[in-house]
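*Asks:* Here is how the chains run, residue by residue.
Number of protein chains: 2
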Amino acid sequence: MTLHAVDLIRKKRDGEALSAEEIRFVVEGAARETIPEEQLSAWLMAVFLRGLSLAELDTLTTAMRYSGEVLDHQGDGRRTVDKHSTGGVGDKTSFLVAPIAAAAGLADPMISGRALGHTGGTLDKLESIPGYRTHLSLDEMRGVIAKCGCCIVGQTNNLVPADRKLYSLRDRTATVESPYLICASIMSKKLAAGLDALVIDVKAGSGAFLRDESESAYLAALMVETGERAGTRTVAIQTDMSQPLGRFAGNWVEIQESLALLGNQRHRLSEDCREVSLVLAGWMIYLGGKARSAEAGRGIAEEKLADGSALRIFREMVAAQGGDLAALDAGAAFHAPRFRRRFCAERSGFFSACNCTGVGWAVQRLGAGREQAGEPVEAQAGLEMHVKLGDKVESGQPLVTLFTEDEALFAEPEHLLRAAITIADEPIDPPTLIRQVINADNKNKFLKPAGHKYD
Amino acid sequence: MTLHAVDLIRKKRDGEALSAEEIRFVVEGAARETIPEEQLSAWLMAVFLRGLSLAELDTLTTAMRYSGEVLDHQGDGRRTVDKHSTGGVGDKTSFLVAPIAAAAGLADPMISGRALGHTGGTLDKLESIPGYRTHLSLDEMRGVIAKCGCCIVGQTNNLVPADRKLYSLRDRTATVESPYLICASIMSKKLAAGLDALVIDVKAGSGAFLRDESESAYLAALMVETGERAGTRTVAIQTDMSQPLGRFAGNWVEIQESLALLGNQRHRLSEDCREVSLVLAGWMIYLGGKARSAEAGRGIAEEKLADGSALRIFREMVAAQGGDLAALDAGAAFHAPRFRRRFCAERSGFFSACNCTGVGWAVQRLGAGREQAGEPVEAQAGLEMHVKLGDKVESGQPLVTLFTEDEALFAEPEHLLRAAITIADEPIDPPTLIRQVINADNKNKFLKPAGHKYD
Numbered sequence: 006m007t008l009h010a011v012d013l014i015r016k017k018r019d020g021e022a023l024s025a026e027e028i029r030f031v032v033e034g035a036a037r038e039t040i041p042e043e044q045l046s047a048w049l050m051a052v053f054l055r056g057l058s059l060a061e062l063d064t065l066t067t068a069m070r071y072s073g074e075v076l077d078h079q080g081d082g083r084r085t086v087d088k089h090s091t092g093g094v095g096d097k098t099s100f101l102v103a104p105i106a107a108a109a110g111l112a113d114p115m116i117s118g119r120a121l122g123h124t125g126g127t128l129d130k131l132e133s134i135p136g137y138r139t140h141l142s143l144d145e146m147r148g149v150i151a152k153c154g155c156c157i158v159g160q161t162n163n164l165v166p167a168d169r170k171l172y173s174l175r176d177r178t179a180t181v182e183s184p185y186l187i188c189a190s191i192m193s194k195k196l197a198a199g200l201d202a203l204v205i206d207v208k209a210g211s212g213a214f215l216r217d218e219s220e221s222a223y224l225a226a227l228m229v230e231t232g233e234r235a236g237t238r239t240v241a242i243q244t245d246m247s248q249p250l251g252r253f254a255g256n257w258v259e260i261q262e263s264l265a266l267l268g269n270q271r272h273r274l275s276e277d278c279r280e281v282s283l284v285l286a287g288w289m290i291y292l293g294g295k296a297r298s299a300e301a302g303r304g305i306a307e308e309k310l311a312d313g314s315a316l317r318i319f320r321e322m323v324a325a326q327g328g329d330l331a332a333l334d335a336g337a338a339f340h341a342p343r344f345r346r347r348f349c350a351e352r353s354g355f356f357s358a359c360n361c362t363g364v365g366w367a368v369q370r371l372g373a374g375r376e377q378a379g380e381p382v383e384a385q386a387g388l389e390m391h392v393k394l395g396d397k398v399e400s401g402q403p404l405v406t407l408f409t410e411d412e413a414l415f416a417e418p419e420h421l422l423r424a425a426i427t428i429a430d431e432p433i434d435p436p437t438l439i440r441q442v443i444n445a446d447n448k449n450k451f452l453k454p455a456g457h458k459y460d
Numbered sequence: 006m007t008l009h010a011v012d013l014i015r016k017k018r019d020g021e022a023l024s025a026e027e028i029r030f031v032v033e034g035a036a037r038e039t040i041p042e043e044q045l046s047a048w049l050m051a052v053f054l055r056g057l058s059l060a061e062l063d064t065l066t067t068a069m070r071y072s073g074e075v076l077d078h079q080g081d082g083r084r085t086v087d088k089h090s091t092g093g094v095g096d097k098t099s100f101l102v103a104p105i106a107a108a109a110g111l112a113d114p115m116i117s118g119r120a121l122g123h124t125g126g127t128l129d130k131l132e133s134i135p136g137y138r139t140h141l142s143l144d145e146m147r148g149v150i151a152k153c154g155c156c157i158v159g160q161t162n163n164l165v166p167a168d169r170k171l172y173s174l175r176d177r178t179a180t181v182e183s184p185y186l187i188c189a190s191i192m193s194k195k196l197a198a199g200l201d202a203l204v205i206d207v208k209a210g211s212g213a214f215l216r217d218e219s220e221s222a223y224l225a226a227l228m229v230e231t232g233e234r235a236g237t238r239t240v241a242i243q244t245d246m247s248q249p250l251g252r253f254a255g256n257w258v259e260i261q262e263s264l265a266l267l268g269n270q271r272h273r274l275s276e277d278c279r280e281v282s283l284v285l286a287g288w289m290i291y292l293g294g295k296a297r298s299a300e301a302g303r304g305i306a307e308e309k310l311a312d313g314s315a316l317r318i319f320r321e322m323v324a325a326q327g328g329d330l331a332a333l334d335a336g337a338a339f340h341a342p343r344f345r346r347r348f349c350a351e352r353s354g355f356f357s358a359c360n361c362t363g364v365g366w367a368v369q370r371l372g373a374g375r376e377q378a379g380e381p382v383e384a385q386a387g388l389e390m391h392v393k394l395g396d397k398v399e400s401g402q403p404l405v406t407l408f409t410e411d412e413a414l415f416a417e418p419e420h421l422l423r424a425a426i427t428i429a430d431e432p433i434d435p436p437t438l439i440r441q442v443i444n445a446d447n448k449n450k451f452l453k454p455a456g457h458k459y460d
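Protein chains in written order, with the working numbering: chain B, 6 to 460; chain F, 6 to 460.
Everything labelled a hint here was simulated from the structure, so no lab data went into it. Hints should not be assumed to be uniformly reliable.
Note that identical chains are pooled: a pair holds if it fits in a single copy or bridges any two copies.
[Claimed, not checked] No more than 20 Å apart at the CA atoms, straight line, and that leaves these computed lysine to any residue pairs for SDA-like:
{"#": "1", "residue 1": "K16", "residue 2": "R55"}
{"#": "2", "residue 1": "K295", "residue 2": "S314"}
{"#": "3", "residue 1": "K453", "residue 2": "I187"}
{"#": "4", "residue 1": "K16", "residue 2": "G122"}
{"#": "5", "residue 1": "K16", "residue 2": "G363"}
Since we're looking at a predicted model, the values are computed, not measured.
Pulled out of the complex, with its shape left as it was, chain B reads as follows (with noise of 0.2 Å):
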């Protein structure tokens, strides 16, 4: 029988399985374009409010993955391990975990993407680093890894076509928010990449695109079991995302901040991304063989950064993949933006609830975002926060600064903090910064078959 298009947007519509031979057309179909958009779209609608079942996730999967090129032996040697995150504001981890895990001995080539929606994106931080090259051949990356021990650049064009297709009309056809497509998108990517081990930080709370922690954890538990099937050790690491993590949000602030993380330096604004940071990088070397126990992990991580292994190498990195060391070093007066304004408390009480959305937003829309795929980004546009949630607050204190290339810019991000950020009488305690650790063990648990709404 010939397959048709229509015919399986039309079972996915009526809520019924595709057979592999099925999965493997459409993603075919969207890796050489022989499907149209519009075929496409409505597919991805359908599996968006139909959901699919383990085994239809599994082949989804495992065929965007092998849509295109895939890589192997990467790691030169070395066990290949990586993090991924499901997206956040301030997210600055992967500045420090990569070199992390390098100078613990392991291989982290390290796959980033872009601004997308209210979240930071891991390339357009690095790019505000003059010369920095996101996109490197398989041979330049090579070249990286068996220099520095990892390389943080942009997807290939041959990797992963059909990610590539899907993700961008996702974007345009508000079909993201899907566990379903979500896990297949991540996972078809990561396991090209040809990993041995997976740390995922599954973000949850009011800044994160799925904002449920039943329904953030269900998506966890697809990624582990999906990464499980493939032979790639996974472990997915819920962590808050109720407020931007770390004291700043943007692109050359946010490599600022990252510096003085690798050098050791504290700061109580920053305490929570290291936390995050050394957690994850804690499972890296766990699940790469080279500590007993995640927490041993964690002690090998901290020492990385005392030592000053992770500094040098993500500066040996940066300087592999083109980028200007001087700049890097002038610190936050290179890109010194143009305009500041700082965002104050209109009353005192406590610093009790975040839209951590709207903060992103607010972020984006000071420049360092974009509206269309392509567009430009602002290196210096950002904002520093001077308050976590919980903080005693004083009417006129201080709560953001913003950060902009153009005046005209503030007016919707302080709007959007108005919104976001909630004085109010009663102390609250502080978000839980790790809610759980999801893996091959408790999974089951998270797949439960009964009453969940994607059932």
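Based on the hints, put chain F in the right spot on chain B.
*Replies:* Chain F only, in chain B's frame:
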């Protein structure tokens, strides 16, 4: 606030109601092609799976109605009435009811469609008459109506451009069978034609787009609601489509059967088509103010067949639209098919079940329909049914005769017919032809708010 298509997709995806402004934004985006196809498709699938409220449906229909040119006073002094069918197999009632209504002193500016899926196309059938022009300008339409009282034409480019776009997308994205989208598509076009009254033939049974009888009644009630809200007297008649209507299905063969019926010739296998046509025409005549009841209208319709006026008007209309009356009079021989094949009973028993959709596909695959919009269809292709549901049959008796221009095309239709036609031991009662009438008086019963799958 500027509206963004992706936000409206998301809102509908999440089951929220769209505002009138938001719906108009989508319709305008479809008509002017300012919203790309992949976004319209995702929106259509979200509407398909989430449904619309009556208020949303009313707004959608009205916005589509006014998305282009609107006809008015097409009646040349007479009241305008029309009939619409949700699509069937062998459904040639249009060729009867339009001339009957004209003969009764009404005007019918009938705008028809092409073969879609398993159903035939009124325009394709008419174009089997050499010279018949289905695309007239508005002025030409007025001229034909002034002369004959009716015309049967294709949709002009300027009439309801939003539907043109959405309809084409729905066909490709498996979003055809939504009661809301069907209602908006049909009613926007019918209301744009500026009708005083509208009779809708809602098909039920295995050959209907909506096979479930309560779903089909729901669609009927939606259309009555939408029509009455717009000031057009509207009635929906639910009729049987569990087997082809009449004796022939195809293009030229249906024109020939229609001529026989217009000439008041009776044939056992055509009786169902005659009966449905008379009931529909009776309601048109009643709602058009030319009879005191639908029953009385039906009596007038019978007279218009008996006295030859309907046939005369049909021939005048064909001639006015450029059709060759000599070809029409040459009968079946004019477009005699190159190949005929009999499909015979493999056992004795009773014709006890028919997958009428399968029969419809057989007709299309013989060459009467098309795979892709714009492809030519064969005037000669089609089939003749020799039995009706409930008939006793003997092993070896011909059940169907197939007509085609390409012998290689027999295999698939034969396979389809074998699956579609069931001969069993037990006799069955023939299906009820006129299932029920849904109008302003009883529509609310079918728009029940709770328990329906679309609520």
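*Asks:* Hint by hint, which ones does the structure fall short of?
*Replies:* none
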